[in-house]
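Engineer: Listed here are the chains, written in short residue letters.
There are 2 protein chains.
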Amino acid sequence: MNLLSVIKIGGNIIDDEQKLNTFLKDFSQVQGKKILVHGGGKLATRMAEQLGIQQQMVDGRRITDAETLKVVTMVYAGYINKNIVAQLQSHNCNAIGVTGADANLIPAKKRQHPSIDYGFVGDVESSMLDVGSWKAILDNGFVPVVAPLTHNGEGQLLNTNADTIAQEIATALGHHYQVQLIYSFEKSGVLTNTNDEGTVINKLDPAYYGELRQKGLIFAGMIPKLDNAFAALDKGVQKVIIGKAEALHQLLSGSAGTTIVNE
Amino acid sequence: MNLLSVIKIGGNIIDDEQKLNTFLKDFSQVQGKKILVHGGGKLATRMAEQLGIQQQMVDGRRITDAETLKVVTMVYAGYINKNIVAQLQSHNCNAIGVTGADANLIPAKKRQHPSIDYGFVGDVESSMLDVGSWKAILDNGFVPVVAPLTHNGEGQLLNTNADTIAQEIATALGHHYQVQLIYSFEKSGVLTNTNDEGTVINKLDPAYYGELRQKGLIFAGMIPKLDNAFAALDKGVQKVIIGKAEALHQLLSGSAGTTIVNE
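Protein chains in written order, with numbering that gives the first Met the number 0: chain A, 0 to 262; chain B, 0 to 262.
Hints were generated in silico from the structure; no laboratory data involved. Just to be clear, a hint being listed does not mean it is correct.
Since the list gives no way to pick one copy over another, a pair counts as held whenever it fits inside one copy or between any two copies.
[What the hints assert, rightly or not] Derived BS3-like pairs: lysine-lysine, alpha-carbon spacing no greater than 27 angstroms straight-line:
| id | residue 1 | residue 2 |
| --- | --- | --- |
| 1 | Lys202 | Lys134 |
| 2 | Lys202 | Lys108 |
| 3 | Lys24 | Lys108 |
| 4 | Lys41 | Lys109 |
| 5 | Lys243 | Lys214 |
| 6 | Lys214 | Lys24 |
| 7 | Lys109 | Lys238 |
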C-alpha cells in the first residue's frame, strides 16, 4: 500500500504569514501522497467582528448561525484555502483546494444536541466519506487542501472541526493507504507541563494517556486531539504524530514530537 | 470525441436565489461532460462596501487592489462557489469547486497596461492551461465549478473576467472534446434592440456581426462576449450559444438563444 500523510495545521500557524510560508515549503517536499487539512485561525473571528456579527462560543466550539456560516465559508474555503493552494503551486505541489461538499468528499449531518443549538455545525457521517472520490483525486497526483467545511447532501454547508476532519479522512482511507496522521501546531508535542516545551512525551499509549489524564497532566485543549488520535488508531490508521509545525520533517522522521501508539 | 458543455452563468442569476436554484437544477440534468463557470454578481461589491473598501471601476473592470482581491477571493471562491457546489451535490451532480490556482488549471500573468494599473488582475496564459489536470478531473466524472480567479504560479492569486475564463477553458479543451460554449445570463440572446426581448438574433456569423456593429445595433456590454465567442470558434470550439439562463435546456437544443457560427 502507498504511504499517505494526512497533515493538519493549526490556527496559530495560519495566522502567521512567515510561519505559514515556511510550513508550506516544507509540506511541498513531503514524500508520498499527502493531504493538508487547515483550520481557520483568528481570521474568521476578525472578519465577523468587522462585519458586526457577534460570535458565540460553547466549549471551544463556535456557534454557527447563518451569518457566521457565511463568514467561515468565505474565510476558510475562500481566502485561506485558495492562498494556501496558490502558495503550494508556487512550490510545484499540485494542490487542489476542497471542502467536504466538493466531490462529496465529506458528508455530514447537522449536529443534534439535547440542550445546545450549535447552528450549522456538522458531524461527519464517517461511513459515507466518498473513498472513490478521494482515491481519484490522490491517484491522479493531486494534493487535496481541505477547508473545515462539510455538507449534508441537501445543499447545506456545515462547519466542522478541522481536527475531526483530519481524523475522519485518515480513518476512511486507512484501508487503501498506509496512513499517518500528523497534527502540527505551535507546541512541540504533548507536554506534561504546558509551559515547558522541554517536557515533550515522545511516545504515548492508551495506558500512559489514562495515567496522565488522571493526574491532570494533560492540558484540556489537547484532550480532543488525543481522543481523535486514539480513535484513528483504533480504526486502522498506522501512526499519529503531534508536534510543532516548524519541525514537520522531524515529525515525519520520528525525531521530534509525540508519537501516539496503540500498544 | 466526448461532448463537453462549458456553461457560464452571469452575475444577475447569482444574485437571485430562486433563479440560481432553478438554473442549478437544470444544469445538473445537462447530459455529457460539463463545466460551470460563474461570475461574482453584486455580492463582492456589497461585501467590499460593508468592509469599507472603496471600489474603482475602469471600462467595466474592477481595479483589484490587495484588499479587493481578498474580498473577491472570499466571495467568489468561498461563499458563491461552495454554495453552488453544495446545491449541485444535492441534485446528484458531482461538482468540485475550483479556481485557476487549483490543480494549476488556469495560469495567468498580472496585467501590464501602459497607463492603467489594474492591480491584481490576471490575463490567462492560454498555452499553459493544464489540459492534463482538466482531463483528469472531467474523465473521473467530476463536474468543475469554476470561480473567476487565476494565479501566476508564484503564489499570487489574480482576478480574471469570468467570460474570458469560460472561453479559455473551452478553447484549451477543444482538441480533446467536442466543446460547446454557452453564455447564459438574463437576456434572451443577442438582441438587435436591447429593450425588446423579441428581437433575438437566432444565428450570428462574422459578416452579420460586422454589419450590426457598424450600424451600432450591438449593445456595448455584449461586445466582449461576442469577441470571446468568435475567438473561441476560431480556435476550435464547435458552437457558442448565448441566451437566457432560465432556458438552459432550450439553449442546448438550439430552440432558444443566439447561436454564434463561423461561416
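Engineer: It remains to establish, for every hint, whether it holds in the given structure.
Structural biologist: Hint by hint, here is what the structure shows:
Neither within a single protomer nor between protomers do Lys202 and Lys134 lie at most 27 angstroms apart by alpha-carbon distance, with minima of 31 angstroms and 44 angstroms respectively. In the homo-oligomer, the alpha carbons of Lys202 and Lys108 never lie at most 27 angstroms apart, since the shortest distance is 35 angstroms inside one protomer and 48 angstroms across protomers. Only between protomers do Lys24 and Lys108 lie at most 27 angstroms apart by alpha-carbon distance; the minimum there is 22 angstroms, versus 35 angstroms within a single protomer. In this assembly of identical chains, Lys41 and Lys109 lie within 27 angstroms of each other by CA distance solely inside one copy; the values are 24 angstroms within and 30 angstroms between copies.
Only within a single protomer do Lys243 and Lys214 lie at most 27 angstroms apart by alpha-carbon distance; the minimum there is 24 angstroms, versus 68 angstroms between protomers. Neither within a single protomer nor between protomers do Lys214 and Lys24 lie at most 27 angstroms apart by alpha-carbon distance, with minima of 39 angstroms and 57 angstroms respectively. Within a single copy, Lys109 and Lys238 get their C-alpha atoms no closer than 30 angstroms, and across copies no closer than 43 angstroms, so neither meets the 27 angstroms cut-off.
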